[in-house]
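**Q** Sequence:
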Amino acid sequence: MVSCLLLHKKNIDRLPLFRIAVILLLISACVNYDIKLWPGYAAILPVVATALILFSCNKNSILLNNKVAQLIGSASYSIYLWHWPLFVTLSYFELLADTKCRLLSAFASIVVGILVYMLFEKRASKWLKKRNKKQIVASILIPALLCISVFDYTRSHSGFLWRGGDKYQKVSAEIVLPSPSNGWCFYAIASDKKLKLGENGVTCHVGNTDSKKNAVLFGDSFAGHYIPFWDSVGKQVGLNINPITTNWCSPSVGREFMGPKTSIAYKQCMFNREYFAKNFEKYDYLIFSGAWSYIVSNAESLRNVEALIKMAQGTGKRIIIMDEPYQFEANIGELYKKSIWDRRQFDITKYLVNGKNAKQKEVDTILTALTAGNKNTIFLSRSMLFSETQTNGSGVPYSLDGEHVSVIGSLSAAEYFIKGNNFHRLVNFLQ
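Just so you know, the UniProt record's numbering puts 223 at position 223 of the sequence shown, and the rest follows in order with no gaps.
Please note that a few of the clues may not be correct.
Claimed, not checked - 30 Å max Cα-Cα, derived DSBU-like pairs, lysine-lysine: (1) Lys310 to Lys359; (2) Lys419 to Lys235; (3) Lys375 to Lys359; (4) Lys337 to Lys167.
Because the hints were derived from the structure by calculation, they are not lab data.
Could you build the full structure based on these sequences and the hints that come with them?
**A** This is the structure in structure tokens:
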């Protein structure tokens, strides 16, 4: 767009444009990019700078008119191709922790790119010039198809799991979100295309399914990940639990939604809430759980959750509010699986202190206030549900992705809870 605008200016002085471009490049190198926003507005800087450099066509600049710059320019595409695998490899081995390491990785990308350009790209170009069109097409198409086939198989099967050994395959099957595909009934309709909209999402029962004492587990994926927990606890206390859960659907009877309203999960959420509103009286106990850290940050969601809890308290029914698990800024499940793959000890302690700690304290204050002074409401806090180490007895983290708990995490939380004193408090509460 910049180039098109400038092309209409035939008599423009191009030297100032070149200087502006260099300044923009220097600024872009100093900008602290937020990876979540990339390639947001900050990407305009290097793009405009590049357009200005090309348009200015400054052949006399000592900055660009030298052998080093020309070599880097010739090898630029090779450098571009190689910087990403180098970045991923170094990130995998956690070697990009500081600016010095990142600068070294950028330098390594330039060196590798130039070597590949000199040793392969130039030779390949000369070789192709001596071939006819059919040979050129075949020499490019056949390797490309082979690579695409291997890469697609690797992607669809999450790599070659057998390479990680039996333990890795075991934890890979356990460190997943509960879903119908692994024997649980969190109705993740947003991601599971086999699930149908409607009443199939409210028919599941876990725990002691023969018991006359029944409960509803109502909420979003942060309720869904507790389904294995309540299956174990329900069997212990003689409770039949009906999970009514789907993606982004906080416990509420309002119209707000934490996810995209274009998703089919929005329609399922509205169905779930309508079903709950019409049928909650048939349940002896109401269990609420949600992505509280997100909910308290959204005024409408928090207001509707508070209204639901107060309405439920007004009925005199027994209410259980489940705390959210410990929140991390890293994908703990993947990091743990990576440690198993690499045959090394996993250390979760370095991830415990993070930017989400303050928000979780705010959540606990709000949820504690909602349950205070009401004898028919119990708040199962994080410390009641999970060991302070945030791992089970075998060292496996409860966390799946840094936010939810996994199947093994949920079952381990149930085991921890049942062995603790707060389990007896719940038993007394249910009587």
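**Q** Go through the numbered hints given earlier and state which of them the structure violates, listing their numbers in rising order.
**A** Result: no hint breaks.
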